[in-house]
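Let chain A serve as the given structure and place chains B and C on it in line with the hints.
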Amino acid sequence: MTEEIIIAGFGGQGVLSMGQILCYGGVMQDKEVSWMPSYGPEMRGGTANCTAIISDTEISSPVLTRFDTAIVLNQPSMDKFEDAVKPGGLLIYEENGMTRKPRRTDINICSIAAYDESVKMNNTKVFNMIVIGGVLKVRPILELENVIRGLKKVLPERYHHLIPLNEEAIHRGMEIIKTQHQVD
Amino acid sequence: MKELRLMKGNEALAEAAIRAGADAYFGYPITPQSEVIEYLMRENPVDRTGMQVLQAESEVAAINMVYGAAGCGKRAITSSSSPGISLKMEGISYLAGAELPCVIVNVVRAGPGLGTIQPSQSDYFQAVKGGGHGDYKLIVLAPATVQESVDFVRLAFDLAFKYRNPVMILSDGIIGQMMEKVELFEQQPRIAEAEEWATVGKKPGKDSVIVTSLQLQSEEQEKVNLRLQAKYREVEKNEVRFETYQCEDAEYLFVAFGSCARITRKAMEMARNKGIRVGLMRPQTLYPFPAEELHRLAGQVRGILTVEMNAGQMVEDVRLAVNGVTGVGHFGRFGGMIPSPDEILNALEKQFIGG
Amino acid sequence: MAEKDIINPENLVYEKTKVMTDKVLHYCPGCGHGTAHRLLADVIDELGIQGYTIGVAPVGCSVLAYYYFDVDMQEAAHGRAPAVATGIKRVLPEKYVFTYQGDGDLAAIGTAETIHACNRGENILMVFINNGIYGMTGGQMAPTTLPGMKSSTSPRGRDVRTMGNPLKMTELVAQLEGTYYVTRQSVHTPANARKAKRALKKALEYQKLNKGTCFVEIVSNCPSGWKMTPVESNKWMEEHMFPFYPLGDIKVPEK
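Residue numbers (our numbering), protein chains in the order written: chain A, 1 to 184; chain B, 1 to 355; chain C, 1 to 255.
Looking at chain A on its own, in the form it has when it is part of the complex (with noise of 0.2 angstroms):
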């Protein structure tokens, strides 16, 4: 198993913490695994991106072009990254702030409606982990357990009298993502 995902959106929408989160997973689950931010001046509001690789054997290169999986938060890393997708692979968009539905016909999409959600649960910080819930669900490549050690890692010892709660994030992405379109 070689799971090539790519993550987009607006910096501070957690994107690049996501893509550690699910790299941290992989490590507790005894994968391979790299993760490659977008870095630079761009960081600081604009847009981010992350790549993060999760693997069963070695991982060769850190820097795609191609994924099995785009996670897309807003229009342009939809614009961005949709074609980047491989044939049969899986595209998850956040529905709100999109201003068109993705074109592809030959892959698999999904929508998830995260940031709704998190206001619901009156925090939007849970944002991303409801989204990697979503991811989870139709992409169980890691053991839930696994994603949670692994967010113990990412976040310092003082926050994690929140991990419940971003648990329930996971589980409430789990229920809430869609999908739009299916192959096979």
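Hints were generated in silico from the structure; no laboratory data involved. Treat the hints loosely; a few may be bogus.
Stated by the list, open to error - Computed footprint of chain C on chain B, listed as stretches where at least three residues anywhere in the stretch have a Cβ under 8 angstroms from a Cβ of chain C:
| no. | stretch |
| --- | --- |
| 1 | 22–34 |
| 2 | 48–57 |
| 3 | 65–75 |
| 4 | 90–97 |
| 5 | 196–202 |
For every residue, glycine included, the Cβ atom is placed at its ideal position computed from N, Cα and C.
Frame of chain A, contents of chains B and C only:
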């Protein structure tokens, strides 16, 4: 017990410096390597090992602080990215001339000039052919993984002291910024006793120790140059390091280093899936260059494609090593652009197979 | 008469300090460097710190200072001595560290290193020989060359409108929080030499206190560069250099 962590290349390298028993780090922030000094300042190694960390007023000052500490026989390290390394070149030449051991990390970004902050390999010539003035060589290590960013720090200090020569770790924005699993080695002791060439205070009954790269007499300077050259021949004999992948049956060969070798390996896997028998050689030491092994491999393949994130630098060393035995081509992206595995495979097919 | 007949105990009025080597100084006749070297070496000897001192030589006339001081020394790149000294002191904080630099080295190409070492308050001694000219390279203008003063790169005299003003580096570093003791001395008469020696001694003694940088400027002459006899050059120094670079303490430790 092995200690496994998920770490950024730059941070892992900084942690490795502490664990390698470094006595001092001197540096100046520049993207994409500022995590090195940030990590060290956060970690405050003076409490862990007594290691000193100082943010200098410039890269020029930082490399000269390295000179001062190295002259005292201590393990000193600095890091920067391309424009900052250009500034350090004066000091690096003096370090090489005074035969002082130290470690210099270049997390390369694209140039010339201010260029971009995105990854590149365009400082290859600067690293392996000199960069500063005078006839000197740096030992140049090129990590391709976060793990090598750690392991090469310890190796770099070992080589620096073995040969009393500056060692450069030529990383890049990809290796520096990416996170991978990494196994950290155990804490090594700092240097307890200074070697005889170090300035630590004149010993009674002994001559004072002088650290200098100055010889006013040409006869004396030539002797220094000859001694340096003899040292470099030893380095070339003993310290060549490389990895090869699927070269046994290869009809074609990729040569690539650092992060670019990782991408090229993906291209190699794709080529193999298409039935093209291609192998990969990845030099881990850029100086000394694995010329002998490359020459041997050149005899068995129908063509060699050098893949670099520059306009064609290492390819010159590849051509020298191959010496006409087979065709050598180059494929590069530059300016911070990263070649894709597809592009690399296309280049191989176009240049050698006729696609 | 043999040497041993001349130098017998009752004739002995001068003894070379043992912290100077027996190498013949390459400095021009009448130059202040030799005296400044001797005074610093004397002080190191008197304090008994020869085995605990590390010096940093500059680029300039005193580039070969390490031939003459019998202590462990490092030769720095042009202007970088304060950074090199910082590196030394940070890894060997218990040792005495000094730099010995000229005006081009300390006040032109190495200005940043000088200011920042002083501003960090590195616990080092910086000895600054200011003779207002580049001696080693053949008499070019220095950052401290006086207005109207001739040099090979200001042949009609320094025109401050195009060549800038002389830099009073010592007053400048005295402003910085990191400096502990800042003084300007000369070595052209026995009385001045004695004062300069006391200043150097204080500066090295202060280093034990870890209170900051000690900075000793020595206004000196350059008979070759100024194209004067040694006697003329000392007179010229008194008449022209001292009014612009007045001797005396600029910053002294608070009691």
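Consistency of the hints with the structure:
no. : hint    : in the structure
1   : 22–34   : holds (count 3)
2   : 48–57   : holds (count 4)
3   : 65–75   : holds (count 9)
4   : 90–97   : holds (count 3)
5   : 196–202 : holds (count 4)
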